[in-house]
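Chemist: Taken in sequence, the protein lines are chains A and B.
Heads up, the first sequence is in the numbering used here, so the first residue is 9 and it goes up one at a time.
Heads up, the second sequence is in the numbering used here, so the first residue is 9 and it goes up one at a time.
Hint data in this document are derived by calculation from the structure and do not stem from the laboratory.
Do not rely on the hints blindly, as some may be mistaken.
One copy or two, it doesn't matter: identical chains are merged, so the pair holds either way.
[To be verified] With a Cα cut of at most 20 Å, we get these calculated SDA-like pairs of lysine to any residue:
#, residue 1, residue 2
1, Lys-128, Lys-419
2, Lys-566, Met-169
3, Lys-287, Ser-367
4, Lys-419, Ser-403
5, Lys-462, Asn-602
6, Lys-418, Asn-129
7, Lys-349, Glu-166
8, Lys-307, Gly-111
9, Lys-566, Ile-167
10, Lys-629, Ala-94
11, Lys-304, Glu-166
12, Lys-261, Glu-203
13, Lys-287, Leu-147
14, Lys-629, Gly-617
15, Lys-427, Asp-409
16, Lys-628, Gln-231
17, Lys-566, Gln-71
There are 2 protein chains.
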Amino acid sequence: MPSILAKMKGRIQDLLHYNFLISQLTCLMSFMSKLSNNYRTHTCGELNIKQVGNQVTLCGWVQKSRILGGLTFIDLRDRYGITQLAFNTEVNKNLSEQAGELGREFVVQVIGVVRERQSKNKNISTGDIEIEVNEINILDQCETPPFTIEDKSDGGEEIRMKYRYLDLRRGPLQRNILLRHRVAQEVRNYLSNQEFLEIETPFLIKSTPEGARDFVVPSRMNQGQFYALPQSPQTFKQLLMVGGFDRYFQIVKCFRDEDLRADRQPEFTQIDCEMSFVKQEDVRDIFEELVRHLFKKIKNVDLDKFPVMSYQDAMRFYGSDKPDLRFDMKFVEINELAKNKGFNVFDQSELVVGIKVDSCAEYTRKQLDELTDFVRKPQIGGKGLVYVKCNEDGSFKSSVDKFFDQDALKKWADAFNAKPGDLILIVSGDVNQSRQVLCELRLEMGNQLGLRDKDTFKPLWVNDFPLLEWDEESKRHHALHHPFTSYLKNEAELKKIEEGNLTGLISDAYDMVINGVEIGGGSIRITDKDVQARMLDWLGFSPEEARAQFGFLMDAFKYGTPPHGGIAFGFDRVCALFGGSDSIRDFIAFPKNNSGRDVMLDAPSAIAGEQLDELGLNLKKNE
Amino acid sequence: MPSILAKMKGRIQDLLHYNFLISQLTCLMSFMSKLSNNYRTHTCGELNIKQVGNQVTLCGWVQKSRILGGLTFIDLRDRYGITQLAFNTEVNKNLSEQAGELGREFVVQVIGVVRERQSKNKNISTGDIEIEVNEINILDQCETPPFTIEDKSDGGEEIRMKYRYLDLRRGPLQRNILLRHRVAQEVRNYLSNQEFLEIETPFLIKSTPEGARDFVVPSRMNQGQFYALPQSPQTFKQLLMVGGFDRYFQIVKCFRDEDLRADRQPEFTQIDCEMSFVKQEDVRDIFEELVRHLFKKIKNVDLDKFPVMSYQDAMRFYGSDKPDLRFDMKFVEINELAKNKGFNVFDQSELVVGIKVDSCAEYTRKQLDELTDFVRKPQIGGKGLVYVKCNEDGSFKSSVDKFFDQDALKKWADAFNAKPGDLILIVSGDVNQSRQVLCELRLEMGNQLGLRDKDTFKPLWVNDFPLLEWDEESKRHHALHHPFTSYLKNEAELKKIEEGNLTGLISDAYDMVINGVEIGGGSIRITDKDVQARMLDWLGFSPEEARAQFGFLMDAFKYGTPPHGGIAFGFDRVCALFGGSDSIRDFIAFPKNNSGRDVMLDAPSAIAGEQLDELGLNLKKNE
């Protein structure tokens with residue numbers, strides 16, 4: 009028996025040895041084949057203590073190099089991380105010298121062996137190891153970059169836009185673009201799992217005069233005619249509902265030729281969605297879930313059920329249709345307590361309205377003067393600011409205590425539910441203007457008190473918007489959302505129509521607001537051709553214009569249209585929100601500047617005379 | 009003990025009863041809440057025998073109705089399927105009459121109870137059940153549609169394009185759009201899992217004169233200047249590689265203002281990809297795996313390793329750079345055997361080349377005449393056709409047996425490896441032209457013999473394309489792929505450059521071909537600014553033009569450019585391939601017609617004079 013066992017043991021050892029050799033050989037062959045075929049075996053973010061002793065090939069950019077006596081260290085960077093390369097003059101003088109001469113942003117391939125570091129760097133995933141390099145191949149050199157390619161760059165906005173491909177190498181932008189990819193993927197997978205189909209709609213469509221200006225595209229094959237680039241796929245997604253695709257979405261570029269304000273882009277991306285057989289609540293529920301899912305997946309943040317606030321309440325309590333709910337300071341209207349008490353400014357105001365700021369009764373004269381200066385800034389447009397300090401001793405100190413005695417101020421404090429130590433700030437004037445001013449002041453106080461934390465998220469829905477607003481300048485109604493938005497289907501609205509009270513109509517529309525930013529908005533649509541025709545009439549379209557522009561949609565409504573509604577999210581804005589930034593430009597790979605130019609490409613630019621000829625166009629002479 | 013057991017039993021029964029009641033109540037409440045809030049509880053493709061007895065609410069379109077005595081049946085359709093609705097005059101006369109009056113394509117909501125069908129329909133998933141309807145709500149009526157909305161429609165192309173939203177309701181188009189969505193999702197998930205990032209590139213870019221014509225977009229803010237819509241994101245994806253994003257993809261709209269041929273669209277979709285630190289084999293491997301993955305997931309087809317064929321071999325053996333490998337009939341060149349034997353036609357030809365068609369020696373005179381007519385069609389351009397029948401008895405019958413005796417024909421047959429019973433078809437003429445003619449004949453024979461099965465898939469890579477071709481008309485070189493494609497980096501190519509043999513240069517480019525269709529193509533790129541400048545020089549750009557058009561790219565190459573390459577797939581074409589169709593239009597929700605018009609929208613169209621004024625443009629008068 010023992011001899012059999014011994015034999016078996018020997019045989020097993022042979023086998024193990026054999027397998028070991030085979031595995032070594034396989035490893036080697038695989039490595040050889042990699043080496044001969046592939047530029048790299050690993051990325052710069054991949055190696056750790058487990059690979060110590062392995063030969064590897066890496067490619068990347070030289071982030072920086074340090075020479076310490078006979079030792080040279082280089083940080084090699086790619087999208088995945090940074091790996092330290094080590095060279096020792098005593099081991100290989102030539103190679104060390106070669107390494108010392110590598111400039112910043114050179115692209116190199118190195119072959120070497122992974123070894124444990126002497127002094128570890130706990131801040132990076134590869135910080136336990138370094139590469140003892142045996143071979144360097146310079147894949148490309150680099151002229152001195154126009155700015156430093158580090159998380160904090162020394163380059164100004166303009167130069168970084170011109171060399172956007174270099175700016176994109178910096179960590180913050182790399183992370184933003186990766187975040188954008190992840191958000192898009194999550195949106196697509198979530199909606200696909202909910203039976204939504206992503207359906208591409210055309211980019212060369214028909215120009216419509218409603219809303220912002222279209223970019224147009226002259227047709228060569230049909231001279232004198234133009235396509236337009238879509239401001240949104242609105243009518244197409246509605247036609248898809250007529251076509252029976254009851255759940256549609258698309259992450260899609262849209263175009264608006266507007267005079268650009270800061271942080272607007274002539275081309276921007278929407279998450280565009282539409283559903284059939286739904287009411288407002290259904291649409292809100294689905295997309296609230298989507299956003300909750302994204303926050304969980306991307307930020308690991310759990311969001312509660314979103315509150316729903318009417319437009320009227322939002323304006324009344326926050327002076328804005330996109331209130332920032334990360335902090336309170338709800339507006340309190342005190343007309344009853346403040347008007348007709350002998351203070352002329354209040355007496356002549358439509359509205360006296362204020363906010364209570366917790367624990368700020370100690371604000372100095374200087375601080376209060378600065379707040380008054382703030383509301384008087386031209387872009388804010390306030391006339392002045394009244395304050396009431398609720399002193400710790402129960403007394404009150406106010407800028408208007410000439411007109412209001414302690415009893416009167418006590419009543420104010422009660423209205424604001426103010427405690428001793430709180431500060432009340434009050435503005436007055438026209439209803440709209442005073443609300444706007446107080447809204448800005450509220451946000452400013454939120455900023456000053458650090459109540460607008462980028463890592464806190466307070467979403468809500470705002471609904472019950474007016475359907476139409478009257479524009480004095482053009483003497484016609486404008487759609488607050490767009491001409492395809494339905495009014496609420498109830499008797500009250502029908503009565504308003506009968507009475508001609510069009511600006512009183514309430515729309516079946518809703519906005520999603522997070523931290524004071526409108527990230528999405530939508531509505532239940534008109535699906536009746538006669539209602540649509542009437543809406544276009546209200547908006548000042550002649551029947552002929554309505555026909556020419558939207559005849560195809562009204563025709564479609566003749567053939568069995570399901571009730572439908574949808575929403576569109578500003579995708580650039582959503583990414584900026586997740587990235588904790590106010591600037592959408594940092595989340596777009598190749599943005600335009602504030603004048604709508606691509607300074608890297610130098611576009612737009614002149615085109616050849618023959619191109620104009622082919623299009624049947626002449627440039628107007630400057631007159 | 010028994011009493012305890014009895015008590016426990018009683019308690020358990022109570023609990024079960026209680027739970028049963030609770031569950032019933034929960035069910036009821038959930039149903040009530042659904043009923044009050046939601047248009048529907050289920051889709052028309054969802055119910056089966058398990059739901060018998062449940063009350064449900066469905067919404068959909070009336071596909072058709074049948075009245076059989078006192079019974080009325082309606083097929084209710086949505087995107088998910090068809091459910092049969094049943095009405096009985098004896099049960100509810102009014103409702104039955106109401107049902108009988110519903111027209112085709114009416115949109116209705118019905119509330120009823122699921123019951124088992126008397127006669128089941130095994131062809132549909134809901135075929136075991138029907139709904140005994142208690143309530144019908146007409147959500148929208150429908151005028152008589154301009155064509156029947158069934159899998160086989162009676163509508164012509166033009167009318168179906170005009171009412172595309174109705175055409176989209178038909179089963180085949182619903183399935184195509186669903187397929188497109190699925191393919192896109194699979195591509196995105198597969199590439200995301202491989203560390204590819206989807207990065208959006210801009211649509212308003214700079215016009216470049218290379219390749220097809222650009223669509224241009226006049227700028228209002230910069231009058232007299234124009235953006236262009238991208239023909240592809242080529243330069244942007246290369247800049248992303250310079251920016252360190254080593255794996256990029258995008259499913260993206262591209263634009264070409266070409267004179268449209270059948271099945272070309274002015275806007276089309278690409279799966280656009282680029283990778284850094286790769287050689288041709290790396291790119292081919294990754295995207296071969298992608299396509300293999302798609303075939304497995306979408307078609308449940310396993311594809312073998314794709315063969316690689318040089319452009320030279322593809323032209324020589326199949327007369328095409330996109331050979332259909334579903335069948336053989338490889339070209340055989342017989343100059344040696346056929347020329348200088350006294351047959352004038354062959355003697356004056358550069359090339360005598362043919363195919364062997366298995367088991368077709370029995371072709372009749374008429375059939376052979378038809379083949380001769382085929383090659384002589386103007387769009388084929390052949391001059392004639394020579395045949396050799398390899399008779400079963402070992403003899404040969406040929407259209408040229410006046411010039412070639414049995415021994416000579418035997419040698420031909422040997423060259424073609426022909427057996428008795430086979431047919432040899434031969435053409436002659438210029439090399440290029442005779443190959444083109446024979447290519448068409450080969451495909452025609454494949455069609456006639458049923459060798460081009462839509463469910464068989466034969467992919468291959470074609471590579472080693474010429475880098476440049478000389479264009480006699482414009483007297484300059486054109487890039488066969490595009491100006492950013494590298495030539496192979498070997499000594500042979502450098503020698504050709506030295507010798508000025510530019511048309512001899514072989515590019516580092518590759519096409520993926522499946523079943524005779526080029527579904528994708530790409531290349532390893534030039535990454536050296538001097539090589540790029542030289543390439544643009546070869547293509548006839550002056551240094552100033554090169555600078556103006558591509559200066560940004562050559563600048564980028566100064567700052568550490570990784571070796572990179574990529575590929576782009578025609579996504580519309582890929583979808584058509586998976587859908588077993590030749591027409592990409594059937595896989596686009598809102599395509600343009602052959603004149604580049606959207607006949608539904610009536611676009612392009614005239615725009616207002618003020619719009620032109622704002623753009624600083626005049627229409628040219630017709631002269």
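Chemist: Against this structure, judge whether each hint is valid.
Modeler: Hint check:
1. Lys-128 x Lys-419: Close neither inside one copy (65 Å) nor across copies (77 Å); limit 20 Å.
2. Lys-566 x Met-169: between (50 Å within a copy, 17 Å between copies)
3. Lys-287 x Ser-367: neither (44 Å within a copy, 66 Å between copies)
4. Lys-419 x Ser-403: Within one copy only: 12 Å inside a chain, 120 Å across chains, cut-off 20 Å.
5. Lys-462 x Asn-602: neither (25 Å within a copy, 52 Å between copies)
6. Lys-418 x Asn-129: neither (61 Å within a copy, 79 Å between copies)
7. Lys-349 x Glu-166: Classified as neither; 56 Å inside a copy, 75 Å across copies.
8. Lys-307 x Gly-111: Answer is neither; intra-copy 38 Å and inter-copy 51 Å both fail.
9. Lys-566 x Ile-167: Only across copies: Lys-566 and Ile-167 sit 16 Å apart there, 55 Å inside one copy, limit 20 Å.
10. Lys-629 x Ala-94: So Lys-629 and Ala-94 fail the 20 Å test inside a copy (65 Å) and across (72 Å) alike.
11. Lys-304 x Glu-166: neither (36 Å within a copy, 48 Å between copies)
12. Lys-261 x Glu-203: neither (22 Å within a copy, 24 Å between copies)
13. Lys-287 x Leu-147: The answer is between: 13 Å across copies meets 20 Å, while 59 Å in one copy does not.
14. Lys-629 x Gly-617: Both: 14 Å inside a chain and 16 Å across chains, each within 20 Å.
15. Lys-427 x Asp-409: within (18 Å within a copy, 115 Å between copies)
16. Lys-628 x Gln-231: both (17 Å within a copy, 9 Å between copies)
17. Lys-566 x Gln-71: Between copies only: 16 Å across chains, 64 Å inside a chain, cut-off 20 Å.
Figure legend: structure checked against the earlier numbered hints; hints not met, in rising order: 1, 3, 5, 6, 7, 8, 10, 11, 12.
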